[in-house]
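*Asks:* Here's the letter readout for the chains.
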Amino acid sequence: MSVSNQKADSKKRFVLYLCVTLIGFVAAEVMSFALPNTQGLKLKINPHVADDLAYRVALAGLFLLYLGIGIFSAFRRDRREKFIKRAPFRLAIGLLLLTWDLLASKLDILHLPFFPGPSSVVNVLREEPLYLLLQTGFSIRLFFAGFLSGVVLGVGTGILIGWFARAKYWVMPVLKITGVIPAVAWMPIALSVFHKGFYAGTFLVSMCGWFPIAFMTAQGMANTQKTYFEVAKTLGAKTPYLLFRVALPNALPNIFTGITTANGLAFTMLVVSEMMGAKGGLGYYITLARQVSNYYKIYAAIIIMAVLFSLILKLVNFIRGRVLIWQRGLINE
Amino acid sequence: MSNLLLSIEHVSRTYIDSNDNRVDALADVSLTVDDGEFVSIIGPSGCGKTTLLRLIAGLDTPQSGTLTLSGEPITEPDPNRGYVFQQGSLFPWLTVEKNIASGLKARGVYAEEKHHVAEYIELIGLTGFEKSYPHQISGGMAQRVSIARALINRPAALLLDEPMGALDSFTRADLQDKLLELWSRDRTTMVLVTHDVDEALYLSDRIVIMTPRPGKISEILTIELPRPRQRSEAEFLALRGKILQKLHLASARVEPEYAI
Ligand SMILES: Nc1ncnc2c1ncn2[C@@H]1O[C@H](COP(=O)(O)OP(=O)(O)OP(=O)(O)O)[C@@H](O)[C@H]1O
Ligand SMILES: [Mg+2]
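In order, the protein sequences belong to chains A and B. Residue numbers for the first sequence follow our numbering, beginning at 83 and rising by one. Residue numbers for the second sequence follow our numbering, beginning at 65 and rising by one.
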């Protein structure tokens, strides 16, 4: 009896939190319909009010997304707990959008052009979806070209200095000095050496990965327990095995630490090099928007960056979890 | 008449420790081991047991004297001389299965001999744990994997440095039986370093007693007890008492040096 009671209680509780999660977005949607937009009406040049359609669709999208997650989570206890835990935060997102809409679009307490309402920002997706997609694509391309070459160069250099004492003697001090220089400092040089902005950007982004990853790789290899080498030798291993199957795997956790460090630096470098050198990408888009004071486009680009960079971090974490699966339970996450 | 496999002649190894003191880890040690023999080396801490085993493995070189295996001088590590460390020598990034296979991969014969991996997993009784990582298995299991990893290379001799030193007594007895089983299966020559008199008596054909400062062999006992041996039988206990006494004498002899 009490078990089924408990079950019913837990069901009720979950439904309650599902409502809490969704109510913020419903309220924001209601607000969007309830009051007319006034922001932009009093502009001297080109007075206009934002089109609400994209914003309303986006809110409905968020509503459906979280409803979907809720339904998906309903059938497993651990997922239910996670969903319930996140409910207050998701409520806050909805209420924040509502407040933003109210203060900017509706009441015009926050003024244009610096503080556009959410409908203006989201509407960029309708104004120039293809152009925005193209710039996002440019950013993704530059990031992966730069970062992947940074990882390859970093691991390569790391192996050299981690394995060959002579390489360490000559390269390590250079790495230590150049490693503390922020990659941005090379920008003017990169721009004049590589005539195309894309190459300059690739170079600069790869510099962000190169040094930390090389350093961590070398350190991870040097930290290999002597026992592992000795075991391998008594099993008949020669140098390539000791290097690639003992020292390098031993360095993998370090390499991923290097990659995570480099990630943040690379995002910064990516945006800076697009704002200053490149002829494409979200950073370039921001620069263009600024020149004509279209601040709402800047917000749109920033939101896209937030989503994009979070996804990239998620991807890196996923790969890390896969590669370092042998560490699970060995270390505290 | 058995064949001579391993021969150690007048071997000395001196270390200079961090305080610039000379440590005679081994001084003029000679020993021969026959093919298929099970030899244990026992002695107080610091008497050079590990040093001797590492020299046989080729992980270290002596200042003087020679070591040969089947007449060939020992100069570097070789899969023909398997080595099992006390603990923590499994590659943590490889599963049980792949750790055992690493014996074959290191030699570059994995493609031809990979069918042996399953055979050895079964032999050490770890079926079902193939995909586990070292941190997910017990210490006793890990040592079995270490042994299988060395044995899969079919070494002429297996060198074991206190392989059960870190295990509780039940697991230890279990592993001792497993080791005997593997030994009687292939007749791989075993050289076992241990601190445990019972273990040495239970397993060995001969027991080598060593004394420290400088590291020397003080006595070699041949154990004639029939197998399987009973740890509680009178002869076993009598021998045990004898060895313990010799060990005490051995350490008593160094007592004056402590006083200096
Ligand atoms: N690499 C080294 N550098 C300096 N001294 C060493 C080194 N290896 C061993 N020794 C010394 O040589 C002596 C013999 O060491 P060894 O490890 O062979 O002893 P052991 O019999 O294996 O001892 P335990 O039973 O504690 O393992 C010890 O006094 C030790 O301090
Ligand atoms: Mg030792």
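Please note that the accuracy of each hint is not assured.
With a Cα cut of at most 25 Å, we get these calculated DSS-like pairs of lysine-lysine [claimed, not checked]:
id, chain 1, residue 1, chain 2, residue 2
1, A, 124, A, 188
2, A, 250, B, 306
3, B, 280, B, 306
4, A, 164, A, 89
5, A, 126, A, 188
6, A, 308, B, 306
7, A, 320, B, 162
8, A, 320, B, 306
9, B, 280, B, 242
10, A, 361, A, 167
11, A, 320, B, 280
12, A, 278, A, 396
Among the chain B residues that face chain A by a calculated CB cut under 8 Å, a handful are [what the hints assert, rightly or not]:
id, residue
13, 142
14, 146
15, 166
16, 296
17, 300
Calculated directly from the structure, the hints in this document are not laboratory data. Remember, predicted model here, so these are calculated numbers, not experimental data. Idealized CB from N, CA, C, for every residue including glycine.
*Asks:* Hint by hint, note whether the structure agrees.
*Replies:* Structure-based check of each hint:
With a C-alpha separation of about 13 Å, the suggested pairing of residue 124(A) with residue 188(A) holds against the 25 Å cut-off. With a C-alpha separation of about 56 Å, the suggested pair residue 250(A) and residue 306(B) falls outside the 25 Å cut-off, and the hint is violated. Distance restraint check for residue 280(B) and residue 306(B): the Cα-Cα separation of roughly 19 Å lies within the 25 Å cut-off, and the hinted pair is therefore satisfied. Restraint check: the Cα-Cα separation between residue 164(A) and residue 89(A) comes to about 17 Å, which is no more than 25 Å; the hinted pair holds.
With a C-alpha separation of about 18 Å, the suggested pairing of residue 126(A) with residue 188(A) holds against the 25 Å cut-off. Only pairs whose Cα atoms come within 25 Å are accepted, and residue 308(A) paired with residue 306(B) is rejected, the gap being roughly 38 Å. For the hint linking residue 320(A) to residue 162(B), the alpha-carbon distance of about 18 Å falls within 25 Å, and the restraint holds. Only pairs whose Cα atoms come within 25 Å are accepted, and residue 320(A) paired with residue 306(B) is rejected, the gap being roughly 45 Å.
For the proposed pair residue 280(B) and residue 242(B), the alpha carbon gap of about 30 Å is over 25 Å, so the pair is violated. Distance hint between residue 361(A) and residue 167(A) is unfulfilled; the C-alpha atoms sit about 43 Å from each other, more than 25 Å. At roughly 33 Å between alpha-carbon atoms, residue 320(A) and residue 280(B) are farther apart than 25 Å, so this suggested pair is violated. For the hint pairing residue 278(A) with residue 396(A), the CA-to-CA distance comes to about 30 Å; that exceeds 25 Å, so the pair is violated.
Taking 8 Å as the C-beta cut-off, the interface hint given for residue 142(B) holds, the closest approach to chain A being about 7 Å. Because the closest C-beta pair between residue 146(B) and chain A is about 6 Å apart, less than 8 Å, the hint holds. Because the beta carbon of residue 166(B) sits about 6 Å from the nearest beta carbon in chain A, less than 8 Å, this interface hint is met. With a cut of 8 Å, the hint placing residue 296(B) at the interface with chain A is violated, because the nearest CB-to-CB distance is about 37 Å.
Because the closest C-beta pair between residue 300(B) and chain A is about 33 Å apart, greater than 8 Å, the hint is violated.
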